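Peer 1: Here is how the chains run, residue by residue.
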Amino acid sequence: MTLTVLAIDDSRTIRELLKEALLQAGFEVHLAIDGLDGLEKLEGLAPDVVITDINMPRMDGFGFIKAVRDKGTHSALPIIVLTTESAADLKARAREAGATAWIVKPFDEVKLVSALRRVTAA
Amino acid sequence: MMQPRRTEAGGSRVVHVMQGGYEASALPGDMFTTILGSCVCTCLCDPEAGIGGINHFLLPDTGGSTSRQLHYGLHSMELLINALLKLGASKDRLQAKLFGGAMMNNRLGGIGRANAEFAQRFLENEAITCVSKSLGGTLARRIRYWPTSGRAQQLFLRADTPALIEQRAKPILKGASDDVTFF
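Chains X and P, in that order, are what the protein sequence lines are.
Residue numbers for the first sequence follow the UniProt record's numbering, beginning at 1 and rising by one.
Residue numbers for the second sequence follow the UniProt record's numbering, beginning at 1 and rising by one.
The hints are simulated quantities; they were obtained by calculation from the structure and are not laboratory data.
As the structure is a prediction and not an experimental result, all values here were calculated from the model.
Beta carbons: idealized from backbone N, C-alpha and C, even for Gly.
Pair ranges (Cβ atoms, derived):
1. 121(P) / 57(X): 17 to 23 Å
2. 29(P) / 46(X): 49 to 55 Å
3. 58(X) / 121(P): 21 to 27 Å
4. 28(X) / 156(P): 48 to 54 Å
Taking lysine-lysine pairs in the BS3-like style, the calculated list, with each CA pair at most 27 Å apart, reads:
5. 91(P) / 41(X)
6. 133(P) / 91(P)
7. 111(X) / 19(X)
8. 66(X) / 91(P)
9. 66(X) / 91(X)
10. 86(P) / 66(X)
11. 91(X) / 71(X)
12. 111(X) / 41(X)
13. 41(X) / 71(X)
14. 66(X) / 19(X)
15. 19(X) / 91(P)
16. 133(P) / 86(P)
17. 91(X) / 41(X)
18. 91(X) / 91(P)
19. 91(X) / 19(X)
20. 41(X) / 66(X)
21. 19(X) / 41(X)
22. 91(X) / 86(P)
Model the full structure from these sequences, guided by the hints.
Peer 2: Structure follows, in structure tokens:
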């Protein structure tokens with residue numbers, strides 16, 4: 001079964017890189033430019049997993065995760081944070097907001113795909 | 001991690017940014033310097049907020065454009081932009097100046113061009129205006145950058161200086177690609 005990924009990042013360059021890597025790994029890939037865009041696309045797409053950046057305009061990654069969990073309808077949706085940030089307090093904040101995993105950029109394609117498979121495993 | 005050299009002059013900071021490094025500031029007295037051979041530095045400034053910064057990167061010479069190669073420049077750009085945003089800059093107001101990417105010798109000629117092409121493509125992709133650039137050539141450059149005004153000064157270095165610079169130049173990829181945490 002093809003898994004659907006929604007990848008959220010305000011950098012077009014990162015979005016393109018993610019799309020290329022994930023398509024090659026066999027995922028169906030959809031992109032959003034920030035947290036608000038991600039929230040809108042989430043409803044129509046019903047992805048199997050979400051990858052989100054943290055530092056973004058309009059709505060950052062923390063805001064996105066909290067908004068998704070507050071909805072209640074996506075409580076089991078795996079959300080992977082992919083960010084340049086590595087501070088322990090930020091990781092703790094993401095965990096409290098409801099993130100599933102935290103990956104520090106620069107990302108390794110193989111490890112990213114491995115993490116996606118792990119969090120979507122039944 | 002290699003630390004930038006800092007000196008204090010009359011309450012202002014002068015920070016020398018090494019290869020693989022970046023610096024950002026909102027303090028009007030600050031000045032950043034760097035020395036470039038085939039490396040490229042990106043100077044970014046939000047003139048309305050008076051916030052700016054500089055990075056200095058070198059892509060690995062893999063003999064072609066690969067996603068792994070692009071990570072080096074991309075990560076450096078992301079770290080710089082995030083540092084600027086944290087200081088209060090707005091990404092849509094950023095103005096860029098690019099320097100470096102020289103062909104220092106035949107062996108390193110291709111990587112200088114790759115660095116310069118990457119930086120220009122990145123700015124175009126991210127809709128960041130490049131207000132000036134000095135890329136390519138065969139001479140090393142010393143750059144001074146005043147981050148809050150966006151003023152930059154370039155000095156070409158003597159022809160025998162580049163060899164010393166390039167001997168030290170190795171691609172540096174900061175960050176922790178092995179860092180995966182499951183909650």
